[in-house]
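**Q** Below, each chain spelled out in residue letters.
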Amino acid sequence: MQWNLELAGNVVQRMERTPEIVGLTFDAHAGAVDEADFRALYDATSQPLRAYLLHVCRRPDVADDLLQETYCRYLLRRHPVMDESQTRSWLFRVATNLLHDRARSRADTIVAEVPERGSAPNMESRLDVRTALRQLKPRERELLWLAYVEGMNHEEIAAATGLRALSIKILLFRARRKAAGLLQSQKRFA
Amino acid sequence: MTRLRCEHESDVSRSARTGFWSAGLEQHAETCGVCSETRAVTEALLAESTRIRAARRVPEAARVWLEARRRARLHLRHRAAFWFRALRVLTVIYAVASFSWLLSHHSAPASVHWTPSLRAGFASVLTRPAEAFAVTGALLAALCISMGFWYLLREARQPLQHSPGR
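Taken in order, these protein sequences are the chains called A and B. Just remember that the numbering used here sits 409 ahead of the position in the first sequence, which is counted from 1. Just remember that the numbering used here sits 212 ahead of the position in the second sequence, which is counted from 1.
For the record, the hints were derived by calculation from the structure and aren't laboratory data. Treat the hints with care, since some could be wrong.
Claimed, not checked - Computed beta-carbon distance windows for the label pairs:
| no. | chain 1 | residue 1 | chain 2 | residue 2 | range |
| --- | --- | --- | --- | --- | --- |
| 1 | A | S514 | B | R282 | 16 to 26 Å |
| 2 | B | R269 | A | V490 | 39 to 49 Å |
| 3 | A | S576 | B | G360 | 52 to 62 Å |
Predicted model, so just to flag it, every value in this text is computed and none were measured. The beta carbon of each residue, even a glycine, is placed where N, CA and C say it ideally should be.
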């Protein structure tokens, strides 16, 4: 139903002449988000969020796409006023949901993993760690990353992953035990 | 029995992230199975995090901002086009109903009961001056609307001539 978009486009262009849209604000919150606010938020949160996405999905192109999608949703959706911590939690939750949607569509299984630009393949110790961590399941990687890199507590992890807070304890224990075992065996093998 | 969790686990994880270890906690992390695992895993993940962050920069904020703005425009455009789509559906319904009515009015067999009554009713409407004026107005309005709809339907067949992000 892409018909007559030119007429509709004229209407939108008239709407865009209104001050709210000319001023480039997104009315996603009780207070609209302007570009400077967004840039500050993005600078503070995009690095850890992208690292999380890349660690779980293991493809830089997919991680970048999902990162962009997460922030677009943040800007376009209406949600209540959130403080810094809630915003961070919200971003991780959306990113995790996007990862799950992506995994369900199985789009990532078709293409082989793309190496990161600038990574040093000759650094054996780092490769050992990476090899060990890659043997974990995506869900395990999510939990470990949120708990130990982002420092989230069980409730925050439950909110980000959609799991029950009570399940987090046992799942995290299993994931940590598995990761420690893999790291140990990699060290011994090396 | 294997312990699931140690009360110092979060402190160990935080110290591994910040690099500040108290003497007691560091000693505990060496002796406690849960905390030594936590420390090893946290340090491995932090090394991975550092590698990822150093390897590639995140996309520019401006790029994401522009993409969100483009989507907002598309959303507005889609919302504005709703009435055009609704009008198209109404046009099709109107055209089908009118055509059916005309067919039944002019070519239905005489044995159909409702046709004479409808004719009589329509004739009686036309005989009275006020109603005749109203019916004429309605016919003219239908003609105008049909011409407008024809224009809209004709537009629908034309390909999109500009990018959606204009």
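**Q** Indicate, hint by hint, whether the structure satisfies it.
**A** Now the hints, each set against the structure:
1. A:S514 to B:R282: 16 to 26 Å: holds (23 Å)
2. B:R269 to A:V490: 39 to 49 Å: violated (30 Å)
3. A:S576 to B:G360: 52 to 62 Å: For G360 of chain B against S576 of chain A, whose Cβ atoms are near 60 Å apart, the range 52 to 62 Å holds.
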